Amino acid sequence: MLFTSYAFLGFLLILFVLYYVLPGKAKIVLLLIASYFFYLSSGLWGGIYIGVTTVTVYVFSLFIGRTLDGSKAFLSSPEGKALSKDEKKLKKDQAKRKATLFMAFCIMINIGILAVVKTLGTMRTDILVPLGISFYTLQSLSYLIDVKRGTEKAEKNILKVALFISFFPLTVQGPISRFSELKDTLFVPHKFEWKNVSYGLTRMLFGYFKKLVIADRLSAGVLTIIADTGIYGGGYAFLLLILYTAELYADFTGGIDIAIGAAEVMGIKVPENFNCPYFSTSLKEYWRRWHITMCNWFKNYVFYPVSISKWMGKIKKFTGSHFGAYMGKRIPVYISSFIVWFLTGIWHGIGWNFITWGLLNFAILMISEELEPLYDRFHKRFSFSNTFGYKVFMMIRTFILICFLNLFDCFSNVGQTFSVMGSVFTGGKYAEAFGGGIFEIGLSRADLLIAGIAIIIVFLVSVFKQKAPVRDRMQNLPMWCRCILIGGLFVAVIVFGTYGIGYDASQFIYNRF
Amino acid sequence: MMKKNTAKKITGIICGALVTVLVLALLQRLVMPKYMSDVLEGGMIAEYYDERKDHDVVFIGDCEVYENFSPKVLWEKYGINSYIRGSAEQLVWQSYYLCEETLKYEKPKAIVFNVLAMEFNEPQKEEYNRMTLDNMKWSSSKIKSIRASMTGKEHFIEYVFPILRFHSRITELEEADLYYFFDKPDVTHNGYYMRVDVKPAENIPEPRDLSNYSFGENAYHYLDMMRELCEKEGVELILIKAPSLYPYWYPQWDEQMKEYADKYGLKYYNFLEDIDEIGLDFSLDTYDSGLHLNLSGAEKLSDYFGNILQNECGISSRADDSILSAEWEKKIKAYNREIELQYDRMRKGEDVK
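Here the protein sequences line up with chains A and B, keeping their order.
Quick note: the first sequence uses our numbering, first residue 1, plus one each step.
Quick note: the second sequence uses our numbering, first residue 514, plus one each step.
Think of the hints as simulated: they come from the structure by calculation, not from any bench.
Treat the hints with care, as some may be off.
Among chain B residues calculated to face chain A with C-beta under 10 Å, some are [to be verified]: (1) 522; (2) 533; (3) 537; (4) 667; (5) 668; (6) 670.
It should be emphasised that the depicted structure is a prediction, and the values quoted were computed from it without experimental measurement.
We put the CB at the ideal spot given by N, CA and C, even for glycine.
Kindly produce the complete structure, drawing on both the sequences and the hints.
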């Protein structure tokens with residue numbers, strides 16, 4: 001069931017009505033049933049995978065919780081208090097080790113499933129990767145690790161764990177939420193509140209606007225260029241950079257808007273996944289604004305644990321004594337970052353293009369960090385570097401860099417990707433591409449005009465958002481003005497959206513990951 | 514105070530929603546195909562609703578009825594008041610539901626059904642579905658017809674709100690979309706789509722062998738329903754096969770229709786067997802190489818069939834009905850005007866339609 005299908009809209013309508021009609025705890029059961037219905041509608045076999053993840057994460061988090069709680073209880077009992085300091089430490093370590101073993105076993109099962117399914121899915125076209133497996137796996141492991149860390153209590157109610165893992169708006173493409181971020185609103189029955197409903201629906205509408213009016217409209221042009229880079233080089237490759245980056249943004253943020261909006265209608269708060277990423281002045285900032293929940297996941301569950309691990313401590317010590325204090329600090333950062341970006345690449349897909357993409361991000365970020373002292377000197381020396389104009393220049397520079405990096409999504413062949421990148425500078429054809437060729441790639445003048453206006457609207461909304469949330473600001477407008485804005489958006493989606501017969505129902509790009 | 518604010522809010526939301534719906538309704542009207550420039554055969558089903566429902570004979574079927582029979586000749590020569598409810602590639606179930614709908618409005622003496630559509634047992638093309646279904650008034654018959662006709666890629670909601678189907682036309686609007694925004698003229702004469710031009714029947718494609726010549730269960734099911742409905746309503750169902758040379762009407766198909774008619778005591782006329790008696794000359798009487806008849810052919814066939822209707826089916830003349838006569842007088846004038854117009858266009862080298 002695609003977010004952009006009539007079936008999904010019908011499903012939501014029935015769900016919203018039932019959610020507010022049903023009493024108290026029945027709402028939670030309804031959400032679980034609805035989430036499984038949504039999930040199983042994409043294939044009954046997918047239920048097996050999400051079922052295994054749910055059961056293993058539930059069981060092992062309980063084991064971990066019991067082990068740690070048991071150890072704590074024992075140590076605070078008269079018997080435990082009677083132990084010596086060393087004995088207490090030994091008891092504690094034993095419990096921790098047991099909990100670590102449980103956690104590691106559960107992680108191995110789930111990462112194993114993810115790796116096998118994604119590898120097979122890459123190698124054989126007849127094997128379908130279960131919907132959102134990359135997303136719900138990370139989400140469920142975050143809960144398991146939090147229980148192990150003691151920052152989250154093991155949930156005894158399997159229905160709650162099942163709902164946390166399968167909550168339908170998040171299974172398709174995130175946001176990858178932590179248990180602590182969802183539990184306060186997900187497991188609480190909400191009463192009807194007009195603000196939640198109107199905010200949620202407005203957010204969804206804007207998501208559909210991005211997805212249907214921009215992303216799916218531009219997708220025809222992107223696919224045409226990708227299909228034949230021999231013909232479409234040079235200026236066309238440059239067009240591809242811009243069109244794909246716009247498509248990806250509208251597609252992914254649009255999907256997330258729909259997800260967050262759908263949850264918001266029922267009063268459920270989901271963490272944000274974007275914060276105007278194309279306003280970033282550096283790649284480092286970009287990764288704080290783009291796919292925030294994924295970045296946080298890798299930071300919290302890979303980067304930090306690796307950085308503070310014992311073996312990393314040894315490396316730090318070794319490099320510090322052999323290459324000096326500075327390198328002693330930097331090498332562990334390089335290693336941790338390398339692992340994070342390698343895994344981020346692999347998470348997006350089992351393929352060299354994704355690995356290369358991850359490692360290029362790593363290389364650029366590390367080089368930028370090393371050059372920071374130089375940048376600081378530059379900013380102190382040249383006052384213009386602190387002006388708004390220079391900030392805009394940095395945004396454009398970062399945007400172009402991101403456009404190039406995004407090309408790795410378009411081609412599975414790394415050599416081809418670099419060749420297309422090179423073609424932007426050496427391939428010529430700019431006069432041809434911008435002198436009419438742009439209308440020969442499956443996009444009409446009307447398509448480009450509509451997408452262009454829609455992009456300007458999205459840009460303006462992002463600008464307005466800088467001061468205060470747009471929906472809050474809309475509340476200050478007169479009712480007729482709000483009606484025009486929301487009604488106009490609705491009409492724009494219906495009339496200018498790319499959907500129905502004649503168009504392929506486009507999957508969201510991030511469904512693939 | 515709070516109650517007043519809530520009431521104000523609700524009123525504002527309702528007004529906003531109504532304006533949005535109105536704007537969408539207007540846009541829907543704008544983007545719906547008008548079928549007034551290239552393809553004229555898409556909006557004919559709607560023309561029936563403006564008619565006074567008092568017909569003796571109603572033809573139901575595909576292009577083989579609406580291009581091959583002239584109700585004007587049936588009236589002028591036999592005093593038979595007839596109407597054609599046909600659309601392009603109209604499938605049997607669509608014909609059944611049009612028949613059902615027609616019988617809600619009136620009780621003609623006979624329903625004439627052209628059996629070529631029996632070759633189709635499943636939904637075919639969305640474009641043709643639209644031509645038949647979009648112009649039907651909303652009723653249980655329309656709903657059932659949509660459900661029976663939808664191809665795999667279609668959605669019922671797109672029939673309820675056609676803007677969901679035709680929204681992409683917003684970038685391809687033509688002058689006709691604005692010109693015929695509020696109203697558009699009839700393109701048929703009591704359902705007859707007239708063509709005066711001539712394109713002789715040459716090089717008719719050879720029929721290809723079929724793996725199975727039996728009509729499908731679904732097609733028979735709806736033909737049965739049509740027969741039973743007509744029986745129930747006391748209306749005679751007459752089966753015909755118009756004398757179009759192509760698509761090919763196989764002897765095996767003809768045999769099945771004969772058997773069916775015999776089994777249920779229906780009249781079945783295969784006019785392909787009567788081409789000489791009708792006086793059809795396919796070097797003169799067709800405008801598209803034998804697929805459909807032109808004006809001359811349609812008038813010959815109508816004359817021939819009128820005789821059958823009167824003498825074999827007992828449909829008497831109503832020529833002395835003054836109200837009908839007055840109506841037909843106007844219709845005949847429009848009919849003759851169209852003939853002149855088409856000949857005029859032909860002389861100028863323009864498209865006839």
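Hints, one by one, checked against the model:
For the restraint placing residue 522/B at the interface with chain A, the shortest Cβ-Cβ distance is roughly 7 Å, inside the 10 Å limit, so the hint holds. Proximity of residue 533/B to chain A holds as hinted, the smallest CB-CB distance being about 4 Å (cut-off 10 Å). A hinted interface residue such as residue 537/B counts as satisfied when its beta carbon comes closer than 10 Å to some beta carbon of chain A; here the least separation is about 6 Å, so the hint holds. Restraint check, residue 667/B versus chain A: the minimum CB separation of about 7 Å is within 10 Å; hint holds.
Annotation: interface hint on residue 668/B holds; nearest CB of chain A at approximately 6 Å, less than 10 Å. Proximity of residue 670/B to chain A holds as hinted, the smallest CB-CB distance being about 5 Å (cut-off 10 Å).
When held up to the earlier numbered hints, the structure conflicts with none and fits them all.
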